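The primary structure of each chain is shown beneath.
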Amino acid sequence: KNQVEQSPQSLIILEGKNCTLQCNYTVSPFSNLRWYKQDTGRGPVSLTIMTFSENTKSNGRYTATLDADTKQSSLHITASQLSDSASYICVVSGGSQGNLIFGKGTKLSVKP
Amino acid sequence: DARVTQTPRHKVTEMGQEVTMRCQPILGHNTVFWYRQTMMQGLELLAYFRNRAPLDDSGMPKDRFSAEMPDATLATLKIQPSEPRDSAVYFCASGLRGRDTEAFFGQGTRLTVV
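The listed protein sequences derive, respectively, from chains A and B. Offset between the first sequence (1-based) and the working numbering: plus 4. Offset between the second sequence (1-based) and the working numbering: plus 57.
In short, the hints are calculated from the structure, not lab data. Among the hints, a few may not be true.
[Said to hold, decoys possible] Keeping only pairs whose Cα atoms sit at most 20 angstroms apart, straight-line, the calculated DMTMM-like set for lysine to aspartate or glutamate is:
#1 A:K5 to A:D73
#2 B:K119 to B:E101
#3 B:K68 to B:D143
#4 A:K111 to A:E19
#5 B:K68 to B:E140
#6 B:K119 to B:D143
#7 A:K5 to B:E101
#8 A:K108 to B:E101
#9 A:K61 to A:D73
#10 A:K61 to A:D71
#11 A:K108 to A:E9
#12 A:K115 to A:E19
#13 A:K108 to B:D143
#14 A:K61 to A:D88
#15 B:K135 to B:D120
#16 A:K61 to B:E159
#17 A:K111 to B:D143
#18 A:K108 to B:E140
[Claimed, not checked] Here are a few chain B residues that face chain A, going by a calculated C-beta distance under 8 angstroms:
#19 V69
#20 F148
#21 E159
#22 G163
Remember, it's a predicted structure, so these values are computed and weren't measured experimentally. Glycine included, each C-beta is placed from N, C-alpha and C at the ideal position.
All chains should be modelled from the sequences, with the hints used to inform the complete structure.
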């Protein structure tokens with residue numbers, strides 16, 4: 005069954021600290037993997053998209069990694085800011101019909 | 058600036074009533090998605106249009122939900138009759154290149170069915 009699992013479900017960190025969010029998937033065949041950031045009360049915004057051949061991609065303080073062999077991805081946030089408080093959603097495109105399979109997200113709270 | 062616009066932002070309705078949600082995709086985008094988001098299920102794809110044609114609506118309960126694109130600037134999602142379990146945030150997103158495209162999301166319509 006095509007699934008995307010994210011961990012942790014929620015995370016609280018202090019401003020300025022780094023953190024890493026995890027995404028494991030069982031989608032096959034695999035097309036691409038995206039990380040979205042969703043602020044409370046708003047729609048998701050794309051952070052990165054990674055294809056099979058890419059294993060690292062950065063967007064400012066956000067760095068995503070992809071290990072297609074182990075079917076794992078991570079999103080690393082460096083020097084967190086209060087504005088990083090949001091839900092981070094991992095989405096994998098693939099499966100026999102090219103569907104989008106969503107993780108349930110990690111809710112990150114950055115405290116001063 | 059270009060953005061996906063959804064109306065209304067909030068809707069409270071009684072069970073059994075018809076609900077229509079509207080979406081204006083980003084000008085020039087040929088792909089439109091409807092998503093539903095709940096705390097329990099997260100984001101779920103309901104329907105997907107390309108060039109105004111519905112290509113996939115397998116995620117949508119067919120007996121009460123319908124999605125259309127009367128023209129390139131308007132997508133609608135209708136629920137008739139609405140039920141309390143339909144309470145959720147409904148997002149519209151648009152993109153340029155089909156199902157695999159980067160999707161730009163609207164602000165969502167928060168629907169509450171009482």
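Now the hints, each set against the structure:
1. A:K5 to A:D73: holds (18 angstroms)
2. B:K119 to B:E101: Status holds; Cα separation ~15 angstroms.
3. B:K68 to B:D143: Within the cut-off at roughly 12 angstroms; holds.
4. A:K111 to A:E19: Holds, because 15 angstroms separates the two Cα atoms, which is no more than 20 angstroms.
5. B:K68 to B:E140: Judged against 20 angstroms, a Cα distance of about 13 angstroms means the pair holds.
6. B:K119 to B:D143: Holds, at roughly 13 angstroms.
7. A:K5 to B:E101: holds (16 angstroms)
8. A:K108 to B:E101: holds (10 angstroms)
9. A:K61 to A:D73: holds (17 angstroms)
10. A:K61 to A:D71: At roughly 12 angstroms apart (the allowed maximum being 20 angstroms), D71 (chain A) and K61 (chain A) satisfy the hint.
11. A:K108 to A:E9: This hinted pair holds, its Cα atoms lying about 7 angstroms apart.
12. A:K115 to A:E19: Holds, at roughly 6 angstroms.
13. A:K108 to B:D143: It holds: about 18 angstroms lies between the C-alpha atoms, which stays within 20 angstroms.
14. A:K61 to A:D88: At roughly 18 angstroms apart (the allowed maximum being 20 angstroms), D88 (chain A) and K61 (chain A) satisfy the hint.
15. B:K135 to B:D120: With a Cα-Cα distance of about 11 angstroms, the restraint between K135 (chain B) and D120 (chain B) holds, given a limit of 20 angstroms.
16. A:K61 to B:E159: OK: K61 (chain A) and E159 (chain B) at ~16 angstroms, within 20 angstroms.
17. A:K111 to B:D143: With a Cα-Cα distance of about 23 angstroms, the restraint between K111 (chain A) and D143 (chain B) is violated, given a limit of 20 angstroms.
18. A:K108 to B:E140: violated (23 angstroms)
19. V69: Cβ of V69 (chain B) sits 16 angstroms from chain A, so the hint is violated.
20. F148: holds (5 angstroms)
21. E159: holds (5 angstroms)
22. G163: G163 (chain B) check passes; min Cβ-Cβ to chain A is 5 angstroms, inside 8 angstroms.
Of the numbered hints given earlier, the model fails hints 17, 18, 19; all others are met.
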